[in-house]
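So the sequence lines, in the order shown, correspond to chains A and B.
Residues 603 to 1088 (this note's numbering) are what the first sequence spells out, left to right.
Residues 119 to 452 (this note's numbering) are what the second sequence spells out, left to right.
A few of these clues could be false.
To be verified - With the C-beta cut set under 8 angstroms, the calculated list includes, among others, these residues of chain A facing chain B:
(1) Pro913
(2) Pro936
(3) Arg954
Honestly, the hints are just simulated from the structure, not real lab data.
Remember, it's a predicted structure, so these values are computed and weren't measured experimentally.
Just so you know, even glycine gets a beta-carbon here, dropped at the ideal spot from N, CA and C.
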Amino acid sequence: MRASSGATLEARGIVKRFGSVLAVDGVDLALEPGEIHALCGENGAGKSTLARIAAGILAPTAGEVVARGAVGLVHQHFELVDRLRVWENVVLGREPRRGLRLDASAARERVRSLGAAYGLDVDPDAVVETLPVGVAQRVEILRELARDPATLVLDEPTAVLAPAEIDALFATLRALAARGTSIAVITHKLAEVVAHADRVTVMRSGRVVLRAATGDTSIEAIAHAMVGADIPALAQRVEVAARPAFAARGLCAGDGAHALRDVSFAVGRGEIVGIAGVEGNGQSALTDAIAGMSTYEGELVLDGQPLRGTPAARIAAGVRVIPQDRRREALVLPWSIAENAALGDHARAPLRRGWTIDRSARDALATQIVDRFDVRAPSIRTPLAALSGGNQQKVVVGRALGHAPALLVAYQPTRGIDVGAAALVQSRLIEARNGGAAVLLISFELDEVQALADRILVLYRGAVAAEFVRGHFDRARIGALMAGAA
Amino acid sequence: MSRAQRWILGGLLVAVAAGVIALAGASPLAGFAALVRGALGGERQISETLVQTTALLFPALAVAFAFRAGLFNIGAEGQLIVGGLFAGVAGSALPGPGFVTIPLILAAGAAGGGAWGAIAGALRARFGGSEVIATLMLNIVAALLANYLVAGPLHPAGVAGAETAPLPVSSWLPVLLPGTRLTIALVIALALAAGLAFVFARTVFGYTLRAAGEAPQAAARAGIDLRRTALVAMSLSGAIAGLGGATLVAGVLHRFNVALSPGYGFIAIAVALVGGLDPVRIVAAAFAFGILQSGSLSMQALAHVPKDAVAFVEGLAIVGLSARRIAASAARAD
Chain A
603 MRASSGATLE ARGIVKRFGS VLAVDGVDLA LEPGEIHALC GENGAGKSTL
653 ARIAAGILAP TAGEVVARGA VGLVHQHFEL VDRLRVWENV VLGREPRRGL
703 RLDASAARER VRSLGAAYGL DVDPDAVVET LPVGVAQRVE ILRELARDPA
753 TLVLDEPTAV LAPAEIDALF ATLRALAARG TSIAVITHKL AEVVAHADRV
803 TVMRSGRVVL RAATGDTSIE AIAHAMVGAD IPALAQRVEV AARPAFAARG
853 LCAGDGAHAL RDVSFAVGRG EIVGIAGVEG NGQSALTDAI AGMSTYEGEL
903 VLDGQPLRGT PAARIAAGVR VIPQDRRREA LVLPWSIAEN AALGDHARAP
953 LRRGWTIDRS ARDALATQIV DRFDVRAPSI RTPLAALSGG NQQKVVVGRA
1003 LGHAPALLVA YQPTRGIDVG AAALVQSRLI EARNGGAAVL LISFELDEVQ
1053 ALADRILVLY RGAVAAEFVR GHFDRARIGA LMAGAA
Chain B
119 MSRAQRWILG GLLVAVAAGV IALAGASPLA GFAALVRGAL GGERQISETL
169 VQTTALLFPA LAVAFAFRAG LFNIGAEGQL IVGGLFAGVA GSALPGPGFV
219 TIPLILAAGA AGGGAWGAIA GALRARFGGS EVIATLMLNI VAALLANYLV
269 AGPLHPAGVA GAETAPLPVS SWLPVLLPGT RLTIALVIAL ALAAGLAFVF
319 ARTVFGYTLR AAGEAPQAAA RAGIDLRRTA LVAMSLSGAI AGLGGATLVA
369 GVLHRFNVAL SPGYGFIAIA VALVGGLDPV RIVAAAFAFG ILQSGSLSMQ
419 ALAHVPKDAV AFVEGLAIVG LSARRIAASA ARAD
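One chain only, chain A, in its complex shape (with noise of 0.2 angstroms):
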């Protein structure tokens, strides 16, 4: 069947149902030649989903995809082979051949012009694990165009980059699209929409909520289609004198190229200190150092009081970290709302009552949590995997800031859950601040951390590259350190 117009990709009526769950419900979508087309959705709104289809590698329970040419998908995570050079991933299962051997020269050269057509520049021989992430996903968008695609759909393609790098990937994309290539991209950043897209195709719960082209529209009503609903506001920032709390001097920790070196910056009480930084640039070595999980060099001091030792001293002392993986690192899904409540402070008073954990003073400390933080579950006794991510994360900073921490860490606080779940927990953030808290951002979204941060520090390769002061964001200057610039 031929597609109708001249559109290189025709979804038509698109259904996918994995066990009861409906994750595509019944979409339309056509991908011109020559546009850059943004598809956005919360988390679970079948985007991905959509993609995988389109690009063949799912079949759709009902409906049908019609393309003209290939479809190519750059995945959110990389599908490449670390441990293989650049020119091998990029021809791998389609290798050019002289006689029975690999023709390595041909393939390096393949990379070579592929990448100064499209001005993707690497390395051919570079080995893929040595690699930043932003020219590696260079070389897994090289890979899809070695193919020559009539439609490359991108998933989450900006996730990892720095500014910088998702301005010079959109300029390529460009590129791709002025010869006549379909780009489709698959993203939550919406600034990025409006800035780049031609059109715009926003699903919520599988379905297609907005179709817009993105000079009609806006971020808002964007937002508002992904949503559904108005996103709150923020909670508002109160002035408050803010008096040394945590420092850290002089702190090295980690190895590799994903080490600390020698950091050292202050947190006061009733301030939010953002770390931007693209990620792998020693996150998670300074979370880590100071939740006590790794051995580290240098000196940490909270209150006045050194701070050492156990995961479990630092905890007395006043510490909550908000760790990155919430399923791994802070939950225990099997467990109720409950019994999640009270891990961490399982070991002393009001929870720990002699031998054994008070139930009722667990059940309220659940209560509260899941009162002041709106969690979304038929009861306390909810195990956790049976809630949504925004959910969990609720828990997961209810708990956090349950006790009035000193210093409260939040790493990626608001990472993969749904707008609204992250507006809520951006302005219990920002109480907390009001109410003393040091508290230590740590995201990789730059927009989170100009929105939250009294002062803005950039880390890049494991140094401090900069400070910034609320009013004084300079957001390109911001970017441009994130990405190496001296």
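Fit chain B to the supplied structure of chain A, relying on the hints for placement.
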């Protein structure tokens, strides 16, 4: 394992058992009937079934205890033997009234089993070594070492076999039913099951064990010391198995030799898994396996089905139930 999977596995095992009995040249129905009659056919049979239940219950609780902390202790057999050795040596040497010696004998058994479990716990805590491999190997070491000790250095004068001297009658566990081998060991085991259920459900200690078992990374970030947890859990698991060994010495054999256990520590893995690692349900599972243990002898005598048929089916149950656990444990060790 889901309820449905459990039923499927159970049905498969019954079918395989019927097949094995048929292969042995007997009627499966007659075989099953002989088994049930042998296990539950009268006061003597029931009491013997309860003796087997008790012998399985201690190591099954030991396995479950370690499991809840995320540790796959397949060394309950070795811990039971070392506990029995300690109890036999202490019991044959200690004079005095039973109310003094019996607690000391049981404590010696728990200490011996606990020390044996602590070896694997320490290897895991110190070097991150797999407790699966360590406990498996320590089973063999325990059996050979114990046999060597009672045959050699600790061999008492005037005793023929490789065993300790008999315990004085005053140190035997009191019998519950006169004329049977059923002793207060059953009461101790049931109390232990109830105690463990309480520990898991209500105590801070049980909470930390379960957290370490279910989500080790989250537990570590919540201030739970995983190394210490591994050492403590393996030690206490071994102590429970060792206590079981001591009750066999003081309640059944009245001496120690390595024939103490026909593999209770291995069958216990299946008992613990069938019981869903829940102490109360493990009591029921131990009773079911106790029926198999004691009924298999009469099946052999009455229906001429070798009692190995039961061992065969039990072995299948262990493999079927533990394969996934071993895979999960191996994945964690990576």
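- Message: Holds or violated: the hint that Pro913(A) contacts chain B, with Cβ atoms closer than 8 angstroms.
- Response: holds (5 angstroms)
- Query: Should the interface hint for Arg954(A) be scored as holding, given a Cβ-Cβ cut-off of 8 angstroms against chain B?
  - Reply: Because about 5 angstroms separates Arg954(A) from the closest Cβ in chain B, which is inside the 8 angstroms limit, the hint holds.
- Per-residue hint verdict: Pro936(A), partner chain B, C-beta under 8 angstroms: holds (6 angstroms)
The structure is consistent with each of the numbered hints, conforming to all of them.
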